[in-house]
Amino acid sequence: MREFLVELTTTVPDGTDPDEVDRVRAREAVRARELAASGHLARLWRPVGEKRSIGLWRAEDEAALHEEVLGTLPLWPWMTAVVTELETHPNDPTV
1 MREFLVELTT TVPDGTDPDE VDRVRAREAV RARELAASGH LARLWRPVGE KRSIGLWRAE
61 DEAALHEEVL GTLPLWPWMT AVVTELETHP NDPTV
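Residue numbers for the sequence shown follow full-length UniProt numbering, so the first one is 1 and each next one is one higher.
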């Protein structure tokens with residue numbers, strides 16, 4: 001699988017029922033655990049003091065990342081994503 005650095009920003013639409021937001025966020029947590037267990041979500045960070053997240057994701061290609069991975073997140077309809085495909089650097093200490 002290829003690796004992608006993905007910056008996700010979630011913007012809940014104005015007027016959304018707070019109970020609905022809580023339900024969607026709970027489903028999001030379950031789905032994130034499933035994607036981690038399947039190897040698609042490797043790491044996830046939140047910049048200090050911010051609501052966006054930065055993650056290391058894996059998929060066969062960028063189309064699969066959008067369709068089969070990110071697109072399955074319950075919060076996806078409220079998200080914007082900046083995706084950067086990664087490759088190994090020749091000076092990577094793990095190589």
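The hints are simulated quantities; they were obtained by calculation from the structure and are not laboratory data.
From a predicted model like this one, the values you see are computed outputs, not experimental measurements.
You may find that some hints are simply not true.
Quick list of the computed label-pair ranges, beta carbon to beta carbon [as the list claims (entries may be wrong)]:
id : residue 1 : residue 2 : range
1  : Glu20     : Asp92     : 37 to 45 Å
2  : Arg33     : Val12     : 16 to 24 Å
3  : His89     : Ala26     : 32 to 40 Å
4  : Glu50     : Gly15     : 36 to 44 Å
5  : Glu50     : Pro77     : 29 to 37 Å
6  : Pro90     : Pro18     : 17 to 25 Å
Quick reminder that beta carbons are idealized off the backbone N, C-alpha and C, glycines included.
Against the structure, the hints:
no.: 1; hint: Glu20 <-> Asp92: 37 to 45 Å; result: 43 Å, holds
no.: 2; hint: Arg33 <-> Val12: 16 to 24 Å; result: 22 Å, holds
no.: 3; hint: His89 <-> Ala26: 32 to 40 Å; result: 38 Å, holds
no.: 4; hint: Glu50 <-> Gly15: 36 to 44 Å; result: 23 Å, violated
no.: 5; hint: Glu50 <-> Pro77: 29 to 37 Å; result: 21 Å, violated
no.: 6; hint: Pro90 <-> Pro18: 17 to 25 Å; result: 49 Å, violated
In this structure, the earlier hints numbered 4, 5, 6 are contradicted, and the remaining ones agree with it.
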